[in-house]
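Please work from the sequences and hints to get the whole structure.
Letter by letter, the chains look like this.
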Amino acid sequence: MSLYFTREHEWIRVEGDTATVGISDHAQQALGDIVFAEVPEAGRSLAKGQEAAVVESVKAASDVYAPVGGEVVEGNAAIADDPALINRDPEGDGWFFKLTLADTSELDGLMDEASYRDWVKTL
Amino acid sequence: MGTDSSDGPLEALPLDSWHRAQGARMVPFAGYDMPVQYEGIIAEHVWTRTNAGLFDVSHMGQLTMAGPNVDRALETLLPGDLINLADMKLRYSLLLAQDGTIIDDLMATRRGDSFYVVVNGATKQGDIEDMRARLPRDVIVDHMREQALLALQGPRAAEALENLAPGVSNLSFMEGGAFQVLGRPMWISRSGYTGEDGFEISVAANAAAELADALIADETVKPIGLGARDSLRLEAGLPLYGHDIDRTTTPVMAGLTFAIQKRRRAEGGFPGDLRILAEIENGPPLRRVGFDVDGRQPVREGARVLDDEGNEVGRVTSGGFSPSLQRPIAMGYAAPHLAEPGTALKLEQRGKLFDGRVAAMPFVPHRYHRKGA
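As they're listed, the protein sequences go chains A and B. For the first sequence, the positions run 1 to 123 when this note's numbering is used. For the second sequence, the positions run 1001 to 1373 when this note's numbering is used.
Read the hints as simulated data drawn from the structure, not as lab findings. Quick caveat: nothing in here was measured; it's all calculated off a predicted structure. Backbone N, C-alpha and C fix where the C-beta goes; we use that ideal spot for every residue, glycine too. Be a bit skeptical, because a hint or two may be false.
[Stated by the list, open to error] With a straight-line cut-off of 16 Å between C-alpha atoms, the simulated EDC-like cross-links for lysine to aspartate or glutamate are:
no., chain 1, residue 1, chain 2, residue 2
1, B, 1352, A, 8
2, B, 1352, A, 63
3, A, 121, A, 8
4, A, 98, A, 38
5, B, 1352, A, 51
6, B, 1262, B, 1246
7, B, 1089, B, 1162
8, B, 1371, B, 1355
[To be verified] If you only want the chain B side, here are some residues facing chain A, beta carbon under 8 Å, derived:
no., residue
9, 1040
10, 1041
11, 1042
12, 1227
13, 1296
14, 1297
15, 1320
16, 1360
[Unchecked claim] Okay, the calculated beta carbon distance ranges per label pair:
no., chain 1, residue 1, chain 2, residue 2, range
17, A, 60, B, 1341, 26 to 34 Å
18, A, 47, B, 1039, 50 to 58 Å
19, A, 60, B, 1204, 30 to 38 Å
20, B, 1163, A, 29, 32 to 40 Å
21, B, 1020, A, 51, 45 to 53 Å
22, A, 84, B, 1278, 44 to 52 Å
23, A, 108, B, 1344, 32 to 40 Å
24, B, 1350, A, 78, 21 to 29 Å
25, A, 123, B, 1143, 32 to 40 Å
26, A, 60, B, 1180, 40 to 48 Å
27, B, 1020, A, 84, 50 to 58 Å
28, B, 1370, A, 113, 53 to 61 Å
29, B, 1274, A, 123, 25 to 33 Å
30, B, 1089, A, 77, 23 to 31 Å
Okay, structure coming up:
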């Protein structure tokens, strides 16, 4: 299992050819109280960088982009029912969607966890 | 939320370091670095509805206006009856342009021979220039730059403030008075922007931190940021200048005709009086309304309001998630024939359609402290 992060504050947990995607603890803190989440349906094909999900806090709406391309296996119904789960457990139960990786080379250049945590401290 | 005057350097509030010490997240607003939240908008919102919230609104403009017949002079700019406003009483009013649209909304209090006027932060410089230009030269508009303004709002505000300012709980809604608090003179009004009972306290900037400390020493009082201020006023159905009212809206369109008292309607004599009185008589082209929004996704400022044939019949001017109701609510404008509560409308945001209905406002009932009389 490998964990990657993007500069858009998404995390990608890779197990075999399945990637689970969510937003980082830093991202949920910056958003504040999350009141709405919309996740992609299973079967949807996402290209890297494409709008994949929506997350809204009390103050603002944000798009979540697919950090890697692939076919969606599952959207997390739990965060659609209880969006505050993203605040409570952003890098665990508050995941957004799982997809089957189309091209593992798209993981190249993403940050590992230590690099991301160090980088966030500089923001 | 409000108008960000993001050009140029930001000013610091008198309580800037106090907010940071309380863990505030600061954002630019109305030309100031202001606290948007401390522990979180929803928690702060709910706290204010159940206990007492302390808001720093020192960005707002505090003015005193004095001179011969100052009440008559003010009536040439505002549509409210100020001549018959009793001493120490507040009146909500509107600074009007010649075309009857709204330059700003404000609170005016008669204090003996002068008026104490509180205007919005983002608009205060323009208001002052406009009033000085249009008022007679012998009416002096003084901007009290050395005063901070704190608001204490919520069902436990009166008991918390009474401990520091004995007698304050005898004030009625929309009444003010001078008090000695912590050995300093302060002007306290029973008023606010949340729909709750509460007070606004004008205090010398150099005494504001001591007052804020004394207030939050009470376990019922917590500091509340701009984020919850916005969600509270939206639930209360109160318009935000620059969003729900502006230079394209008149008091009648905005549903603020209560601010034009009977004598002024009969006599006119305020900017845009012909247009405004005609709109009172014949109806305005649009009306400010509330919207209940189906589903869970907030519909925000800028969303289009559509009738059942897909024609645009208005716009959303404020919208968000109501922490009290746990669902999205919005405010905006709709054509008068579609402005009755219960009317089904579609709202369009980023290409997505939402089902909504016109809702009576306030969304959450006001709980002002009105005396029996």
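Tested hints:
1. B:1352 - A:8: Status violated; Cα separation ~25 Å.
2. B:1352 - A:63: Judged against 16 Å, a Cα distance of about 14 Å means the pair holds.
3. A:121 - A:8: holds (15 Å)
4. A:98 - A:38: Since the Cα atoms of residue 98 of chain A and residue 38 of chain A sit roughly 14 Å apart, the hinted pair holds (cutoff 16 Å).
5. B:1352 - A:51: holds (15 Å)
6. B:1262 - B:1246: violated (24 Å)
7. B:1089 - B:1162: violated (20 Å)
8. B:1371 - B:1355: With a Cα-Cα distance of about 41 Å, the restraint between residue 1371 of chain B and residue 1355 of chain B is violated, given a limit of 16 Å.
9. 1040: Hint on residue 1040 of chain B: holds, closest Cβ of chain A at ~5 Å, below 8 Å.
10. 1041: holds (5 Å)
11. 1042: It holds, given that the least Cβ distance between residue 1042 of chain B and chain A is near 4 Å, below 8 Å.
12. 1227: holds (6 Å)
13. 1296: Where the cut-off is 8 Å and the nearest Cβ of chain A is about 5 Å from residue 1296 of chain B, the hint holds.
14. 1297: Hint on residue 1297 of chain B: holds, closest Cβ of chain A at ~5 Å, below 8 Å.
15. 1320: For residue 1320 of chain B, the interface hint holds, since the closest Cβ of chain A sits about 6 Å away, which is under 8 Å.
16. 1360: Residue 1360 of chain B check fails; min Cβ-Cβ to chain A is 23 Å, beyond 8 Å.
17. A:60 - B:1341: 26 to 34 Å: holds (29 Å)
18. A:47 - B:1039: 50 to 58 Å: violated (39 Å)
19. A:60 - B:1204: 30 to 38 Å: holds (36 Å)
20. B:1163 - A:29: 32 to 40 Å: For residue 1163 of chain B and residue 29 of chain A the Cβ distance comes to about 35 Å; the hint holds.
21. B:1020 - A:51: 45 to 53 Å: violated (36 Å)
22. A:84 - B:1278: 44 to 52 Å: Between residue 84 of chain A and residue 1278 of chain B, where Cβ atoms are some 49 Å apart, the hint holds.
23. A:108 - B:1344: 32 to 40 Å: The hinted range 32 to 40 Å is violated for residue 108 of chain A and residue 1344 of chain B, with Cβ atoms some 52 Å apart.
24. B:1350 - A:78: 21 to 29 Å: holds (25 Å)
25. A:123 - B:1143: 32 to 40 Å: Since residue 123 of chain A and residue 1143 of chain B have Cβ atoms about 38 Å apart, the given range 32 to 40 Å holds.
26. A:60 - B:1180: 40 to 48 Å: holds (43 Å)
27. B:1020 - A:84: 50 to 58 Å: violated (27 Å)
28. B:1370 - A:113: 53 to 61 Å: holds (58 Å)
29. B:1274 - A:123: 25 to 33 Å: Between residue 1274 of chain B and residue 123 of chain A, where Cβ atoms are some 55 Å apart, the hint is violated.
30. B:1089 - A:77: 23 to 31 Å: violated (55 Å)
The structure fails to meet hints 1, 6, 7, 8, 16, 18, 21, 23, 27, 29 and 30 from the earlier list, while all remaining hints are met.
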